[in-house]
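K.L.:
What follows is the residue order along each chain.
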Amino acid sequence: MLDLDMTPYAAFVWPAWGVSALVLAALTARAVVASRKWKRELARLEADPTPEAADTNRPQVARSAIGPKERPQAAQGAVGPKE
Amino acid sequence: MFGLSNPQRFMAFTGPLTPVLWGLAALLLGVGAWLSFSVPADYQQGDTVRIMFVHVPAAVWGLGAYAALGVSSFFALVFRHALADAAARAAALPGAAFTALALFTGSLWGQPMWGTWWVWDARLTSVLVLFLFYLGYMALRASIDDEQKAGRAAAVLGLVGLINLPIVKFSVDWWNTLHQPASFLTPGSSGLDPVYLAPFLTMLAAYGALFAALWLTAIRTEIRRRRVMTLRARQAQEA
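Top to bottom, those sequences are chains U and S.
Just so you know, we're using the UniProt record's numbering here: the first sequence kicks off at 1 and counts up by one.
Just so you know, we're using the UniProt record's numbering here: the second sequence kicks off at 1 and counts up by one.
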């Protein structure tokens, strides 16, 4: 039989249980949302492995990993050195 | 065991295990909550004894999560293992949340029983230091752009924080504290009244299953995130 009458300690028992439930629910929701987000993104990239699939607005890590974009050697040669 | 250090094998092994852990955690939390409000009030503490069923499991798994973080940090630092680094990172947030819950619910239990929300005794202070180690770990990781450097710096901090775990555990034996000494696993102590054992152990198992589910899910997410970053980098290079 449940005993839900916490008198005179209701102001201590219910916040302890309530905040615990909220935090555990928030942790669960965050884990599930993040899991779905990266699962979906990985599936998208693996399904379409063309360079156009890379969203260049988002992958700051990717850009920092490969450094600034360099001009192709052929193009530099075509312009020639300035005198 | 070491075979699981391969990310592909880890994903294959934990794929079917993770939903089982989520289900187990939900079931145990439901049963544990029901049992916690079914037992009679304590003859001395009244209904505040029910705070124990959320306070102690949060504290135990807050410590357990840090042990997982520390051991993973060791493997990440010594063997430069990416999965160990992901495991350390994944343990930080649930561990910090559990420790924060232990501090918050302990404060709510302390006020009616001790007459104070907080006291700077050894147990409470060392648990606060544990929480600060979690915050420091997460802040350090977030503050360095290079993920490898961030992982190594955070792993060093994670290892240093391991020193605090025995201090938390034995603080009630080494110093005079307002916090009660260990009573459940201490031989010869009066221990917990048998009527409270079922809800206590169920909630302890529930928090453990929930931490395992959160941890495994976060490691799996981290593996996928790193794979996405690698693919994006490769595609950006090709473009």
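The set of hints was computed from the structure by calculation and includes no laboratory data.
This one's a predicted model, so the numbers in the text were calculated from it and none came from an experiment.
Treat the hints with care, as some may be off.
[Said to hold, decoys possible] Covered by chain S, per the in silico footprint, the following chain U stretches (three or more residues, Cβ under 8 Å):
1) 9-19
2) 35-48
[Stated by the list, open to error] Sample of chain S residues at the chain U side, in silico, Cβ under 8 Å:
3) ASN6
4) GLN8
5) MET11
6) PHE37
7) GLY46
8) LEU103
9) PHE104
10) LEU108
11) PRO112
12) GLY115
13) THR116
14) VAL119
15) ARG227
Glycine included, C-beta positions come from ideal geometry on N, C-alpha and C.
K.L.:
Now tell me if each hint is right for this structure.
P.N.:
Going down the list of hints, with the structure as the test:
For the stretch 9-19 of chain U, the stated coverage by chain S is satisfied: 8 residues place a CB nearer than 8 Å to a CB of that chain, which reaches the threshold of 3. Judged by the Cβ-Cβ criterion of 8 Å, the stretch 35-48 of chain U is covered by chain S as claimed, because 7 of its residues qualify and three suffice. For S/ASN6, the interface hint is violated, since its Cβ never comes within 8 Å of a Cβ in chain U; the closest pair sits about 18 Å apart. With a least beta-carbon distance of about 13 Å to chain U, the hint placing S/GLN8 at the interface is violated under the 8 Å criterion.
For S/MET11, the interface hint is violated, the least distance from its beta-carbon to any beta-carbon of chain U being 11 Å, above 8 Å. Restraint check, S/PHE37 versus chain U: the minimum CB separation of about 5 Å is within 8 Å; hint holds. Hint on S/GLY46 holds. Least Cβ distance to chain U is approximately 6 Å, under the 8 Å limit. A hinted interface residue such as S/LEU103 counts as satisfied when its beta carbon comes closer than 8 Å to some beta carbon of chain U; here the least separation is about 11 Å, so the hint is violated.
At about 6 Å, the closest approach between the beta carbon of S/PHE104 and any beta carbon in chain U falls short of 8 Å, and the interface hint on this residue holds. Interface restraint check for S/LEU108: the shortest CB-CB distance to chain U comes to about 5 Å, inside 8 Å, so the restraint holds. With a cut of 8 Å, the hint placing S/PRO112 at the interface with chain U holds, because the nearest CB-to-CB distance is about 5 Å. With a cut of 8 Å, the hint placing S/GLY115 at the interface with chain U is violated, because the nearest CB-to-CB distance is about 12 Å.
With a least beta-carbon distance of about 13 Å to chain U, the hint placing S/THR116 at the interface is violated under the 8 Å criterion. Among the interface hints, the one on S/VAL119 is violated; its C-beta lies about 16 Å from the nearest C-beta in chain U, farther than the 8 Å criterion. The beta carbon of S/ARG227 comes within 6 Å of a beta carbon in chain U, closer than 8 Å, and the hint placing it at the interface holds.
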